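So the protein sequences, as listed, match chains A and B.
Read left to right, the first sequence gives residues 1 to 518 (our numbering).
Read left to right, the second sequence gives residues 1 to 933 (our numbering).
Simulated from the structure, these hints should not be mistaken for lab results.
Small disclaimer: the values here were computed from a predicted structure and weren't measured.
Any given hint could be a false lead.
[To be verified] Here are the simulated SDA-like pairs of lysine to any residue, each with C-alpha atoms no more than 20 Å apart in a straight line:
1. B:K13 to B:M595
2. B:K725 to A:Q190
3. B:K14 to B:K529
4. B:K633 to A:K428
5. B:K145 to B:D197
6. B:K725 to A:Q500
7. B:K431 to A:S21
8. B:K433 to A:I25
9. B:K145 to B:L245
10. B:K585 to B:Y541
11. B:K486 to B:G526
12. B:K710 to A:T104
13. B:K140 to B:Y643
14. B:K431 to A:Q190
15. B:K725 to A:I193
16. B:K14 to B:Q753
17. B:K431 to A:E22
18. B:K431 to A:N32
19. B:K633 to A:T104
20. B:K656 to B:L781
21. A:K428 to A:Y350
22. B:K433 to A:G516
23. A:K131 to B:G556
24. A:K199 to B:T818
25. B:K433 to A:E22
26. B:K255 to B:S353
27. A:K131 to A:M197
28. B:K633 to A:K199
29. B:K669 to B:R630
30. B:K725 to B:D688
31. A:K428 to A:L452
32. B:K433 to B:Y643
33. B:K633 to A:T189
34. B:K137 to B:S149
35. B:K633 to A:E192
36. B:K433 to A:N32
So the chains spell out like this:
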Amino acid sequence: MKNIFKFLAVSVIGIGMVSCSEEAILDLSPINNISIDDAFSSPSLIQSSLNGMYNAAAIGEYNGTGRGYVWGAAFVQQGDNRGEDVVNTATFYQLTYTATYDGTTANNVYYWIDGYRLINRTNLVIEGVTKAIENGILTPEVGNDYIGQAKFLRAITHFELLNFFARPYNFTPGATHPGVPYREVGIDTQSEIDSEMLKGRNTVAETYDKVLADLNDAENLITSTQLTKASKNAAIAFKTRVYLHMRNWNKVIEEGNKLTGAYTLTAEPDGVFDDSYGNTESIFSTLQSATNNPGVNAALASQYNGRRLVAISPIIWRDPSWLVDDKRRSETYSGEDPDGMVFTVGGRKYTAKYRDRVNYTDAAPVIRYAEVLLNMAEAHARKSTPDLLASLELLNKVRNRALASPATQAYTAASFTTPAAMVAAIIKERRIEFLMEGRRWSDIHRLQGDDLHPIDGIPAKVGNGNPPATAYVLGTPYTGPYGVDAIPGSDPRFLWPIPQVEIDANPTLAGQQNPGWN
Amino acid sequence: MDEVVVVGYGVQKKSEVTGAISSISGSDIQGLVTPSFESQLAGRAAGVQVTSNNGIIGEAPRIRIRGIASIGSGTSPLVVVDGMPIYSGDVGGYASANGLGDINPNDIESYEILKDGAATAIYGSRAANGVILITTKKGKRGTMKVGYSTVTGFASAIKTFDLLETPDFLVISNEKRTNRGQAPWAVGNQYNTNWQDAVLKTGALQTDHNLSFNGGSEATKYFFSMGYANQEGVAKANSLARYNLRASLEHNLNKWLTIGGSIALTRTEYEGLNTGMNSLSGNIFNATRQLPNTPIFNADHPTGYNLTPDNSFVGQWDNTDPVGDNISNIAYVLAKNKYKSKVNRTIVNTFASMDLFEGLNYRFQASADNPLTSGFLYWNPVHGDGRGSNGRLQNNNNDLLRWNIQNILSYNKSFNNEHNLGVTLVSEYQKEKNQSFFGTGTDLLDEFYNQNLVTNAYGTQTSGGGITENGIISYVGRVSYNYKQKYFLQGSIRRDGISKLSAANRWNNFTGYSAGWNIANEGFWGDLKNTVNEFKIRGSYSEVGNTEIGSYPYLGLTSASKYGTLNGITFSQFGNDQLLWETSKKTDFGVDVAMFNNKLRLTFDYYNNDIDGLILDVPLPASLGVPGSRIKKNIGAMSNKGYEFGVDYRAVSNEKFSWNITANLTMDKNEVLSIPNGQDILGGTFSDANIAQNLIIREGQPINSIYGFKYWGVNKANGNPVYYKADGSLVQGNLATARYAVYDPSNPADVSQASSLSASSDRVILGNTLPKYYGALINRLTYGDFDLSFMFRFSGGNKIFNSTRRDLVTQNLNNNSTEILGRWQSPENPGDGVTPRLWASSNTFTNLTGSATTRFLEDGDFISLDNLTLGYQMPKSLTERIKVDNIRLFVQGQNLLTITDYKGLNPEMETGGVDLNGTPRAKIVSVGLNVNL
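Build the full structure now, drawing on both the sequences and the hints.
Rendered as structure tokens:
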């Protein structure tokens, strides 16, 4: 009898055990993540994959968080801090500002990493959408719009990397010097890793060709017209920038003319920033929301406004050609929040272009119509038969809206009688108009060895730290002290090194590091 | 002689054990004031390192058993309480909440630490990092015993930083500027503030009360305990309050069936703070940078604190510039911001045990561990971390649930007292499901809202969450045999399947073998047995695995990834479906010797732990754009080899006086044998850039070696820092231009020959971060009614990169340590030869903040007096009169003394060999009382 009880007890528990089946315990699948194989399996998931691609542009990945590399904030901050028109006041951008970077410095490393991270997403979208069209999941109309948008981001990101990691187009005849690897394969298998690793740097000419081919495709394919997504017009506008760097002046004008009537300058210079999503001038900006932005350590309104980590440099602030009553110096407030163009703390001047220092929802301005106009103005002055009148008209279009009294202060045909003088005025206007929009470095880069307005290397800068209030008193040009010496164009520091992590892991690029960085 | 030790899924006689197991009695370490039990294990056993690398209550100490056993996967041991593998590590919330902190140290009967393959093989896939078995107190037959114990202690920082006071600060700050031709920075000597007082407490109160009841009849035994602990941290705003209830009951239903169970309920409340080593409002980062000539408070400011008029930074007072790095007023931040974790934890355990026939027992056990943690975070909108978002409120909830079911059949039989056989068969099923969610509100309506999320009291709201699951099924068999207590053999096999790997690769077998020979039981040992009563040699070999490899590392996955307000998904994990188990091959040879009737016991072990198939993130070129630029592969190999020595000596033992000495010593060597393509892994196993930038993993070297530039010293001619290039030549960093020039000893002032200091080619390995030896010496004495015990612990042979020291000689407008007084001032007054000329705002260049340098590299050797306890037992004559079994009073000190050349606060305050802005550990003086009724 006793043994029967034992037997029963063991049996009951034994039955309990069988219910612990292998399926329930071991055959688990992720709850938080959709399989990569399903990412392009329905129209709504494909649309989400497209947005995931833009996420890489607007937020990026930096040491576990997002810091707006490349198109959410970093293109502005790095582009500004490589130039002389801002002052880095704390440690944040010091390595970039003082050119004390190397192949392990986070700023340049993440520019590269996040640039290519975005590029791989564009390639995965192109491949996934192409397959979805073949399989009838998407109509060609919808699919081609997506492919065009991906090609736009692929083009502008490769182009951006060129400006930091390669010498400018005119560095060698035919631009045969090293550019960057142009990636056109979506990498998600080992065999793709193996084959892509064999590809080295394309020449600068090849990179430009591919950038333009992608932008032309984008122009033809995209039907979206949203500001915060790639559009046909954004592709055209970007081409004016690329052709300007390529010194193909006629093409700059040809592309720029396509946009006539599509955009107008806002009435006031701060109109673009008053309504960064709904103005008539912005052509492509990345979307930033209160819950999804580069955050307190990167968002433009945080770094430039709330935390004041970067100030306007006295070098440009005191430039005599920036008139004292120019509206771009306007300083107005709504309550305590600056809502003009600049604001002052401790006598130092800061930009007020990025307003939302609580939620960081300002759009990040990638390209706007004023740039297209100035690109065309410069092309007219530089083309083989210069048209200084056309050039002047375009320059004045941008400058006059900022003048207190255009009737008396506007430039006239007598102001600049040579292409060189005209180009110099346009370059200065770009520095003022796009101050703290990240455009300065691109101009320094493309003007190396220029025939009309050459810049050699990186200009001298005001010392890292908080400049004294006296440095901002208008009336005389700033003549020093310069705490950061100029760097000649021949110096290796003119270019960023290819990151050490890339060199270490990529035998092909290990032999193609920028000179002086080995 | 028949001492029994707990082993995996059972117990064994100590004399029959052939594996390397260290046993620690709970009573040996009770009474120590620590936030969690594991920090009490430091120094108690050979091969076991427990390091508390800061003074924050709630942060889990680092435990290593015989070194680091993985590069890319988990390195913490498995912790098993009464057969149930419990959650360890942080269990959620916004204050650090160490999962092991929920266990009441007073409920612990004993610890067994399984170190070698033979002992751990039974835990198979989970044993790579060793196993800590904890046995809780149970009821004992007899009338009810009541025990009460209490301890009250006062904690303060072991050491604080030696910072400049206002007079020196003014000189140094302005010299930074004038050297550079700039106007002075620092003005005003009205104040001389010690900002460390704003973040540290002295005499932080720490109390502990425990009450237990235990007893039982022939058939029924019970144990019931209640505990309360309240500890204030040495860091302001840091504290713990813990409430424990534990009940256990066992009942013999009849001769062959026993049923029972236990339940432990805990509520642990932690309050924490921002301790970020590189955060502007990190307590130590901030306090050490504040300017001593500025006050903490300012009655004229609306907040009462010294803040800038717009509340963005700490006020600069009379200084010409804002304080460097734009830091906050840390006193305001600590007073306003809140970080909390409340852990409600239930651990239940039920069992039925059946003696089926003689020697054969079947045991069924079902257990569950369920920590529920709610967190709360508040950032004040006016100033500090919350200013940027106009305040922040955040609540979160973590629900961790793990259940475990075991069937254990065991058979023990002795044949003719010659052949002793033990067989254990186990089937085990375990699953866990971990859920979390959070809600956040920013842009607060008003700072009034600072207790919880309150509906509509904020402008921007976010939420999030997720679930992870994993499971494991195991089948285990173990056979042990000995012949006349002379020859011992044991073999075990475990077959494990885990949900984390693909169906094709998820099952693996882990085997272990061991053998022993107690020579003292041989006839030929003869009379020697009177002197050497045990002489056992033993050896073992086994294969074990590591399951801490992340969830589904084999799958290609996407993650939700929004663009602004638009839903998005994106590629987030590159899958490798070929991924296999990570395994270790552990070899151990040991000798156990007992002499003079066990008066002296010696233990020696040699171990070799060969780990291969390490799952490593193989770096991919970043330009491929693959997520994280990594792909996981079974590709690495590493070894830990070492020797362990243990001595236990009852020097004196008589009625009046006893003296017991225990000592242990471990010598350990780690070597990375192979990594992908032999390519260095920069950053070591760390992702935090502040640590990672100083480390490297290189083949043939110990894991996480310090990597950087060799520093030569200061150029006496001009005060420039001078470094070695890889080829041994010297370069000087020209402070004026932030460029490198050749340093020519015959013409040191010449800076005209340009040179370089390259991060890619001039960095070298500077040192090993793992101690080569460590150990302890414990003395216990009793004399009449008095008892005295103390433990010295030592460790050394490792290097520490003292990054804190580098922070403290910053060239920005921040305070400095007194080290900076040794700076170069002129060729005639060249200073200490180490500290370069001051140069304002050149911190990244002057101090090379992007890499380790030997300038801040130090030895980690130390000897510390970890604890010292003096107790007094009330005489029986007195206690009997008041019907009390015994009363003991004691005073004790913890961390009283550290002997070291290390210049930082303490050589154990390192993470990966890097010391950076940690909160000082606590020195605690306490008094206590134990009463048994």
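Verification of the supplied hints:
1. With a CA separation close to 19 Å, the supplied pair K13 of chain B and M595 of chain B stays within the 20 Å bound.
2. For a cut-off of 20 Å, the pair hint linking K725 of chain B to Q190 of chain A is broken: about 38 Å separates their Cα positions.
3. Among the hinted pairs, K14 of chain B with K529 of chain B is consistent with the structure: their alpha-carbon atoms are about 18 Å apart, no more than 20 Å.
4. Distance restraint check for K633 of chain B and K428 of chain A: the Cα-Cα separation of roughly 54 Å exceeds the 20 Å cut-off, and the hinted pair is therefore not satisfied.
5. At roughly 46 Å between alpha-carbon atoms, K145 of chain B and D197 of chain B are farther apart than 20 Å, so this suggested pair is violated.
6. Between K725 of chain B and Q500 of chain A the alpha-carbon distance is near 18 Å, which keeps this suggested pair within the 20 Å criterion.
7. A threshold of 20 Å between alpha carbons decides the hint, and for K431 of chain B with S21 of chain A the separation of about 11 Å falls inside it, so the pair holds.
8. The suggested pairing of K433 of chain B with I25 of chain A holds, with an alpha-carbon distance near 11 Å, which does not exceed 20 Å.
9. Distance check on the hinted pair: K145 of chain B and L245 of chain B sit about 17 Å apart at the alpha-carbon level, within 20 Å; holds.
10. For the hint pairing K585 of chain B with Y541 of chain B, the CA-to-CA distance comes to about 7 Å; that is within 20 Å, so the pair holds.
11. Annotation: proposed proximity of K486 of chain B to G526 of chain B holds, straight-line Cα distance about 14 Å (limit 20 Å).
12. As the CA atoms of K710 of chain B and T104 of chain A are separated by approximately 18 Å, the hinted pair is consistent with the 20 Å bound.
13. Pair hint K140 of chain B plus Y643 of chain B does not hold up; C-alpha atoms about 39 Å apart against a cutoff of 20 Å.
14. Under the criterion of a C-alpha separation no larger than 20 Å, the hint pairing K431 of chain B with Q190 of chain A is inconsistent with the structure, at around 32 Å.
15. Restraint check for K725 of chain B and I193 of chain A: not satisfied, since their Cα atoms lie roughly 35 Å apart, outside the 20 Å limit.
16. For the proposed pair K14 of chain B and Q753 of chain B, the alpha carbon gap of about 72 Å is over 20 Å, so the pair is violated.
17. For the given pair, K431 of chain B sits about 11 Å from E22 of chain A by alpha-carbon distance, which is consistent with the 20 Å threshold.
18. Of the pairs offered as hints, the one joining K431 of chain B and N32 of chain A holds, with about 18 Å between alpha carbons and a cut-off of 20 Å not exceeded.
19. For a cut-off of 20 Å, the pair hint linking K633 of chain B to T104 of chain A is broken: about 25 Å separates their Cα positions.
20. Between K656 of chain B and L781 of chain B the alpha-carbon distance is near 11 Å, which keeps this suggested pair within the 20 Å criterion.
21. The straight-line distance between the Cα atoms of K428 of chain A and Y350 of chain A is roughly 19 Å, inside the 20 Å bound, and the hint therefore holds.
22. Between K433 of chain B and G516 of chain A the CA atoms are separated by roughly 53 Å; this puts the pair beyond 20 Å, and the hint is violated.
23. Of the pairs offered as hints, the one joining K131 of chain A and G556 of chain B holds, with about 18 Å between alpha carbons and a cut-off of 20 Å not exceeded.
24. Pair hint K199 of chain A plus T818 of chain B does not hold up; C-alpha atoms about 54 Å apart against a cutoff of 20 Å.
25. Between K433 of chain B and E22 of chain A the alpha-carbon distance is near 16 Å, which keeps this suggested pair within the 20 Å criterion.
26. Restraint check for K255 of chain B and S353 of chain B: satisfied, since their Cα atoms lie roughly 11 Å apart, inside the 20 Å limit.
27. Between K131 of chain A and M197 of chain A the CA atoms are separated by roughly 24 Å; this puts the pair beyond 20 Å, and the hint is violated.
28. Proximity of K633 of chain B to K199 of chain A is assessed by CA-CA distance (about 23 Å); at most 20 Å being required, the pair is judged violated.
29. The hinted pair formed by K669 of chain B and R630 of chain B fails the criterion: a straight-line CA distance of about 28 Å is larger than 20 Å.
30. Among the hinted pairs, K725 of chain B with D688 of chain B is inconsistent with the structure: their alpha-carbon atoms are about 27 Å apart, more than 20 Å.
31. For the hint linking K428 of chain A to L452 of chain A, the alpha-carbon distance of about 14 Å falls within 20 Å, and the restraint holds.
32. Using a Cα cut-off of 20 Å, the hinted pair K433 of chain B and Y643 of chain B is violated, with the two alpha carbons roughly 40 Å apart.
33. Using a Cα cut-off of 20 Å, the hinted pair K633 of chain B and T189 of chain A holds, with the two alpha carbons roughly 14 Å apart.
34. About 15 Å separates the Cα atoms of K137 of chain B and S149 of chain B, which keeps this hinted pair within 20 Å; it holds.
35. Note on K633 of chain B and E192 of chain A: the hinted pairing holds, with a Cα-Cα distance of about 17 Å set against a maximum of 20 Å.
36. Taking the CA atoms of K433 of chain B and N32 of chain A, the gap is about 13 Å. The hint holds against a cut of 20 Å.
Checked against the numbered hints above, the structure violates hints 2, 4, 5, 13, 14, 15, 16, 19, 22, 24, 27, 28, 29, 30, 32; every other hint is satisfied.
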